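Protein chains in written order, with UniProt numbering: chain C, 1 to 610; chain U, 1 to 209.
Don't read these hints as lab results, they were simulated from the structure. What you are looking at is a predicted structure, and each value in this text was computed from that prediction instead of being measured. Ideal placement from N, C-alpha and C gives every residue a C-beta, glycine not left out. Keep in mind that a hint or two might mislead.
[As the list claims (entries may be wrong)] Each pair of labels, with its calculated beta carbon distance range:
#1 U:30 / C:22: 19 to 29 Å
#2 C:25 / U:30: 19 to 29 Å
#3 C:44 / U:135: 39 to 49 Å
#4 U:167 / C:564: 54 to 64 Å
#5 C:564 / U:135: 37 to 47 Å
#6 U:149 / C:585: 48 to 58 Å
[Said to hold, decoys possible] Chain C regions said to be covered by chain U (calculated; three or more residues, Cβ under 8 Å):
#7 15-27
#8 462-473
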Amino acid sequence: MPDAFNMDNIPFSLLNEEERNLLASHLDIGYYQKGENVITAGEKPEGLFIILKGRVSESEAADEEDENGSQHIFVHYEDEDYFGGWSAVRGSAIHNFVAEEETICHVLPTRTLLDLIASNPQFADYFQQNLAVKREIVAQHGGTQDMAEFMLAKITDATVREPLVVEQGTSIKQATELMRQRKADCVLARRGGRYGMVTGTDLLDAVVINEKSLDTDIIDIASFRLITIDHEDYLFNALVMMTQQQIERVVVMDGQSMVGVVELTDVLSYFSSHSHVIGLRIERAATIDQLREAAQGLNDLIKALISTGVKIRFTMDLLAAMNGRIISKLFDLIIPADMQPHVCLIVMGSEGRGEQIMKTDQDNALIYRENLVWPEMQETMNRFSENLISFGFPPCPGKIMVSNPEWVNSVGDWTQHLSDWADTCEGNAQMNLAIAVDAKPVAGNEALFKVARNWFLRHLRNNDVFFSHFARAAVEFDTPLTFFGNLKDKGQLDIKKGGIFPIVHGVRTMALEHRILKTNTFQRIETLVEQGVMQSQHGSDLTEALALFIQLRLRQQIKRAEESQEGQDPTPNQIDLQQLNKLERELLRDALHVVKGFKKHLATRYHLGG
Amino acid sequence: MIIPRTIRRYKERREHREGPWAELFEPYKGDEVVSLDCETTSLDVKKAEILSIGAVKIKGRKVITSDRLDIKLKPPASLSGDSIKIHKLRASDLADGIELEEALPKVLEFVGNRPILGYYVNFDVRMLDKFLRPEFGFGLPNKAIELSHVYHDIIKWKHVGGEVDLRFDTIAGKLDIPILQRHTALGDAITVALMYVRLKYGETPRNIY
Numbered sequence: 001m002p003d004a005f006n007m008d009n010i011p012f013s014l015l016n017e018e019e020r021n022l023l024a025s026h027l028d029i030g031y032y033q034k035g036e037n038v039i040t041a042g043e044k045p046e047g048l049f050i051i052l053k054g055r056v057s058e059s060e061a062a063d064e065e066d067e068n069g070s071q072h073i074f075v076h077y078e079d080e081d082y083f084g085g086w087s088a089v090r091g092s093a094i095h096n097f098v099a100e101e102e103t104i105c106h107v108l109p110t111r112t113l114l115d116l117i118a119s120n121p122q123f124a125d126y127f128q129q130n131l132a133v134k135r136e137i138v139a140q141h142g143g144t145q146d147m148a149e150f151m152l153a154k155i156t157d158a159t160v161r162e163p164l165v166v167e168q169g170t171s172i173k174q175a176t177e178l179m180r181q182r183k184a185d186c187v188l189a190r191r192g193g194r195y196g197m198v199t200g201t202d203l204l205d206a207v208v209i210n211e212k213s214l215d216t217d218i219i220d221i222a223s224f225r226l227i228t229i230d231h232e233d234y235l236f237n238a239l240v241m242m243t244q245q246q247i248e249r250v251v252v253m254d255g256q257s258m259v260g261v262v263e264l265t266d267v268l269s270y271f272s273s274h275s276h277v278i279g280l281r282i283e284r285a286a287t288i289d290q291l292r293e294a295a296q297g298l299n300d301l302i303k304a305l306i307s308t309g310v311k312i313r314f315t316m317d318l319l320a321a322m323n324g325r326i327i328s329k330l331f332d333l334i335i336p337a338d339m340q341p342h343v344c345l346i347v348m349g350s351e352g353r354g355e356q357i358m359k360t361d362q363d364n365a366l367i368y369r370e371n372l373v374w375p376e377m378q379e380t381m382n383r384f385s386e387n388l389i390s391f392g393f394p395p396c397p398g399k400i401m402v403s404n405p406e407w408v409n410s411v412g413d414w415t416q417h418l419s420d421w422a423d424t425c426e427g428n429a430q431m432n433l434a435i436a437v438d439a440k441p442v443a444g445n446e447a448l449f450k451v452a453r454n455w456f457l458r459h460l461r462n463n464d465v466f467f468s469h470f471a472r473a474a475v476e477f478d479t480p481l482t483f484f485g486n487l488k489d490k491g492q493l494d495i496k497k498g499g500i501f502p503i504v505h506g507v508r509t510m511a512l513e514h515r516i517l518k519t520n521t522f523q524r525i526e527t528l529v530e531q532g533v534m535q536s537q538h539g540s541d542l543t544e545a546l547a548l549f550i551q552l553r554l555r556q557q558i559k560r561a562e563e564s565q566e567g568q569d570p571t572p573n574q575i576d577l578q579q580l581n582k583l584e585r586e587l588l589r590d591a592l593h594v595v596k597g598f599k600k601h602l603a604t605r606y607h608l609g610g
Numbered sequence: 001m002i003i004p005r006t007i008r009r010y011k012e013r014r015e016h017r018e019g020p021w022a023e024l025f026e027p028y029k030g031d032e033v034v035s036l037d038c039e040t041t042s043l044d045v046k047k048a049e050i051l052s053i054g055a056v057k058i059k060g061r062k063v064i065t066s067d068r069l070d071i072k073l074k075p076p077a078s079l080s081g082d083s084i085k086i087h088k089l090r091a092s093d094l095a096d097g098i099e100l101e102e103a104l105p106k107v108l109e110f111v112g113n114r115p116i117l118g119y120y121v122n123f124d125v126r127m128l129d130k131f132l133r134p135e136f137g138f139g140l141p142n143k144a145i146e147l148s149h150v151y152h153d154i155i156k157w158k159h160v161g162g163e164v165d166l167r168f169d170t171i172a173g174k175l176d177i178p179i180l181q182r183h184t185a186l187g188d189a190i191t192v193a194l195m196y197v198r199l200k201y202g203e204t205p206r207n208i209y
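Model the full structure from these sequences, guided by the hints.
Structure follows, in structure tokens:
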């Protein structure tokens with residue numbers, strides 16, 4: 001029934017007209033009494049169930065030995081939630097789905113579900129990812145769906161740590177040193193074909209409480225009663241196992257061979273978000289390849305964060321931190337240790353401001369100590385840029401990268417550049433300067449960067465002519481509003497020119513004038529408000545407007561990146577107004593009015609009239 | 001000539017036992033029921049014309065909405081202002097409708113010899129009979145199930161004395177059934193089907209007052 005079945009909910013909203021008709025014509029309606037099994041574990045489910053009315057719980061198959069029948073309920077499904085898709089695709093259900101109250105469900109037969117999966121890759125992605133790999137676009141339904149997503153995650157989705165294995169005869173001291181070295185907090189001791197586990201606590205107990213000598217064979221304190229789990233099992237089962245046994249790690253097995261160890265913290269962090277796992281992987285990467293792998297996980301994290309509705313500012317902060325860690329880790333891996341104290345790597349532009357979410361370009365530069373002798377410097381920098389590109393940071397179209405010798409400077413040259421740019425009113429110089437003043441040091445010797453920055457800020461003091469020139473760019477582009485204050489374009493809108501850039505640049509100018517060291521636009525606004533330069537109402541309006549622009553842009557970027565073949569977004573700054581709903585269009589209009597007001601304010605303040 | 005329905009049915013069965021529609025007259029052995037609803041121009045069988053016919057099958061406790069009948073007919077001359085207010089079908093909405101002659105075989109084929117369920121089902125059956133007879137020489141021989149009777153039979157034991165409110169919306173409300181597309185033939189047929197399944201398999205509704 002077209003109007004009883006809500007096609008606006010994800011993932012059905014991903015279907016096209018024809019597919020929707022197919023779906024609508026194959027829907028049945030099922031009625032279930034309270035307590036009745038909608039899907040029984042082990043049986044073949046009829047298809048995908050979408051609740052029209054009622055409430056269904058998903059629970060573990062009742063254990064026959066478990067007399068008291070205390071079933072573990074994983075999750076409840078209610079209005080318009082759907083369930084059973086994974087079971088349908090797989091052919092048999094693992095859990096019981098029981099109607100908790102009288103329930104009416106739409107039923108989409110498995111065959112139609114499979115047809116739709118075959119015909120619509122996005123819909124398929126949604127399902128298969130959601131069901132098997134678990135990283136794509138998560139439904140925007142908040143808690144329950146998240147929970148469901150977690151429930152379906154397999155062991156291999158989380159971080160399975162490579163175990164630290166030592167042979168029989170290793171002393172406690174040696175083992176402890178190894179653990180320290182490999183940053184592991186447990187060790188597996190091998191005796192013949194068997195493994196015994198020794199945790200940090202075991203070591204402490206052995207040495208401190210039982211007063212064993214440091215030369216004791218590690219085998220003596222190892223526990224050979226290992227709790228294991230199959231690598232194909234649900235992550236959730238690992239958590240249940242850990243809770244039941246009161247342990248913090250289980251050994252992952254693939255048949256008879258050991259794959260690794262899953263720790264409680266990993267499981268919990270997978271649950272809270274995937275970010276911690278990626279962070280951990282970045283931190284532990286010992287080679288460039290490992291780091292690349294970790295870096296590529298970031299895109300999935302972005303999608304997960306966006307679709308679960310995490311606040312855009314939080315997402316940006318988190319990603320800026322992650323990107324920073326990747327870059328500084330790469331720096332550690334490529335730049336020889338003896339050179340690291342003499343150079344400083346800075347990121348600039350949107351990355352420097354910590355406002356880059358989808359990686360659109362890389363702007364970075366190197367500042368080195370005066371008279372540094374390092375013949376291979378440029379060559380190393382080329383390698384650095386290449387690797388960064390292979391990590392998925394696209395090259396900067398303006399060649400603002402360390403592989404370009406113009407952006408590898410001694411402290412003196414760098415300050416000279418800055419002041420030259422500041423004295424020229426020509427467009428390119430102004431743009432370079434705009435990018436450079438958002439610089440943030442990420443690796444190496446920060447002092448080198450600070451010296452240059454502080455000198456430059458002093459240099460600009462009271463230079464009204466400079467600020468007037470610098471601010472002009474912010475008001476250059478028209479705000480896309482009509483004379484009557486409505487949205488100008490019916491179709492496309494360049495949100496960067498129309499909304500983001502004026503705010504970012506205007507705030508940048510004011511921050512520079514007031515020598516605010518923060519580079520993030522939101523933080524700059526906060527500081528400007530704190531210093532009394534900006535009214536707090538204006539500050540929060542600008543913050544809201546900017547967050548809205550970024551969020552709308554991001555959503556369409558993700559969509560376009562998925563649709564395009566190369567996974568890149570060809571027109572990152574376009575907003576398609578047709579895709580916005582009425583409320584969003586209204587919000588956008590209001591936000592653009594804020595921009596208009598801000599531009600007027602800038603014009604008065606920096607005498608930009610005419 | 002007024003022949004009581006049962007006698008007439010008996011007579012028609014004999015006449016058509018060998019005809020192309022013979023299986024309609026077989027006794028039904030399956031577990032399916034067809035929920036059927038017609039939208040008409042009037043509530044007077046003599047004057048009324050059919051505008052649309054909707055039907056779904058019910059199998060056990062499932063309403064098979066994927067196997068359904070949704071027929072729009074050509075607008076009759078008698079399509080007037082009063083009924084338009086109820087079913088909201090204007091002549092222009094029925095512009096792509098089909099002729100009744102085309103529709104009737106479809107209905108017969110869909111229904112087969114299954115019992116027909118409806119809300120005031122006699123009205124719908126009599127409406128269809130009115131047009132079937134001149135065309136085929138028989139009326140619907142199917143067993144009819146009246147939803148409000150099913151409801152009443154269950155409710156009356158809980159509610160001694162007084163009238164039971166048998167209005168469509170009241171029943172749907174008491175049974176806590178979402179009303180889908182009220183006053184479209186198919187929508188009503190589905191809602192009735194859901195109410196039936198609910199009455200047949202669910203618990204007796206409690207707060208019937």
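Here's how the hints hold up against the structure:
1. U:30 / C:22: 19 to 29 Å: 28 Å, holds
2. C:25 / U:30: 19 to 29 Å: 23 Å, holds
3. C:44 / U:135: 39 to 49 Å: 45 Å Cβ-Cβ, so the 39 to 49 Å window holds.
4. U:167 / C:564: 54 to 64 Å: Cβ of residue 167 (chain U) to Cβ of residue 564 (chain C): about 56 Å, so the range 54 to 64 Å holds.
5. C:564 / U:135: 37 to 47 Å: 59 Å, violated
6. U:149 / C:585: 48 to 58 Å: 53 Å Cβ-Cβ, so the 48 to 58 Å window holds.
7. 15-27: holds (count 3)
8. 462-473: violated (count 0)
Going down the numbered hints, you'll see the structure goes against 5 and 8, while the others check out.
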